[in-house]
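Top line first, the protein sequences correspond to chains F and L.
Start counting the first sequence at 4; every next residue gets the next number (this note's numbering).
Start counting the second sequence at 46; every next residue gets the next number (this note's numbering).
Hint data in this document are derived by calculation from the structure and do not stem from the laboratory.
For clarity, every value in this text was computed on a predicted model and none was experimentally measured.
It cannot be assumed that every hint is accurate.
Facing chain L, from chain F, some residues (calculated, C-beta under 8 angstroms) [stated by the list, open to error]:
#: 1; residue: Y7
#: 2; residue: L50
#: 3; residue: N51
#: 4; residue: L72
#: 5; residue: V115
#: 6; residue: Q137
Covered stretches of chain L, going by a simulated chain F footprint (3 or more residues, C-beta under 8 angstroms) [said to hold, decoys possible]:
#: 7; stretch: 53–60
#: 8; stretch: 85–94
#: 9; stretch: 148–156
Where a beta carbon is used, it is the ideal one built from N, C-alpha and C, also for glycine.
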Amino acid sequence: MVEYRGKSIISLNVNGEMHEVTVRPSDTLLDVLREQLGLTSAKPGCLNGDCGACTIAVDGLPMKSCLMLAVEAQGHEILTVEGLGGMDKVQKAFVDANAFQCGYCTSGFLMVLHALRTQKPIMPAEIEVEEWLQSNICRCTSYQEIRSAVKLMYDDTLSNKANQ
Amino acid sequence: MIAFDFDYYRPATLDDAVDAFLQAESKGGDALYYAGGSEIISMSRVGSIEPSAVIDIKNIPECSDLIIDKKHLNIGSVCTLYQISESNLFPLMKLSCGRIADHTNQCRITLGGNLCGSIIYRETSLPLLLSDAHITLYGKDGKRKVPFDSVFNGRMQLSSSEMIVKIHIPIWALSAPYFHIKKTANEKIDYPLISIAAIIKGDYIRIAFSGVCSFPFRSKKIEKVLNDRSNSIKNRARRAISLLPDEVHSDGESSGEYRLFVLENTLLEILKRWENGRI
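Full structure from sequences and hints, please.
Set out below in structure tokens:
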């Protein structure tokens with residue numbers, strides 16, 4: 004049985020690299036990513052799982068890192084915006100569609116859409132895209148631009164589909 | 046940040062989980078079984094609960110089944126709402142799961158967590174109440190498999206140290222005609238004003254509710270009235286709302302009076318659809 008009491012050293016696979024961190028069992032993954040690994044793309048927002056600013060991908064699925072313990076994340080593949088590398092399709096689509104204003108929510112949107120494309124390589128129905136996007140809040144209301152970015156992100160699959 | 050410490054255990058067997066629970070309790074602490082953990086983390090963060098230990102049951106194989114055998118669909122307690130939805134094995138459950146919280150949280154919230162949580166709506170219970178589901182529980186006295194409605198009376202009635210292992214849904218329910226509707230006061234993603242699930246078995250409508258009272262329920266009295274075709278649809282809906290098992294729920298989202306208004310009109314809509322063969 005895996006067991007942690009008090010401060011313990013654990014290994015986390017973040018963006019393809021193993022990191023040793025010292026955590027309390029009650030530390031959230033968000034706090035450990037930001038404060039121990041310096042990966043500040045995941046943003047603290049509501050800290051309650053509502054806003055989506057802290058979204059990361061765990062084993063290819065979107066997760067709100069404020070609602071996950073760091074100790075639970077062992078053995079899983081964690082991906083943050085830093086791990087996307089800057090030229091990922093979703094990042095390029097956001098730049099091309101000007102899909103942000105203040106940018107605080109952007110990394111959460113990037114990760115939820117990266118996960119969407121990982122899980123659904125061909126653009127799903129509009130309603131399904133909407134369901135995924137509803138997990139995140141943008142208070143500058145860049146929603147239309149974000150929708151445009153989704154279409155751009157899937158552009159290559161759409162043209163492949165049209166050619167079939 | 047959670048401002049206090051707790052111990053964390055991740056057992057690989059049911060026995061180890063119960064042992065860890067009992068050990069933590071014997072030290073005078075409050076232990077909690079932990080699956081998705083979203084409610085435990087958010088309530089711990091604001092200081093509403095202060096567990097001394099959390100026992101993460103996600104690594105226990107029996108709790109993560111999602112399989113059909115000859116008689117049942119078996120869903121492990123740590124299956125996430127997203128897994129259940131994507132499997133599409135039980136369409137009514139897919140609709141219930143798909144309207145709880147938001148999509149990202151559905152990747153985290155588990156069936157067991159939704160049933161055992163303190164949030165009053167527990168909407169995954171509705172398809173289970175309608176389908177004669179059974180539930181397997183495990184605790185210090187061993188395993189027991191019982192009808193779901195014998196241990197769910199608005200909330201789970203578990204003995205100390207007991208956890209949900211899995212749910213068993215009879216095969217007939219997976220292909221039965223069904224209806225699901227969730228109405229919210231404002232945003233699509235919100236707690237329900239009312240949430241209604243229905244299954245048709247034979248020529249009889251079974252119906253269960255969340256949000257109407259301060260607990261989810263299935264009412265056989267209401268079903269009897271709704272199935273009485275000697276009465277008009279309007280009269281049946283009107284009589285049904287007079288048979289609620291408790292006071293209608295009233296909160297910041299809506300007054301009880303408004304909930305009743307929405308409930309009556311939604312029942313009318315469901316009855317019309319049913320009678321027109323659109324369920």
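query: Which of the numbered hints are not met once you compare them with the structure shown?
result: none
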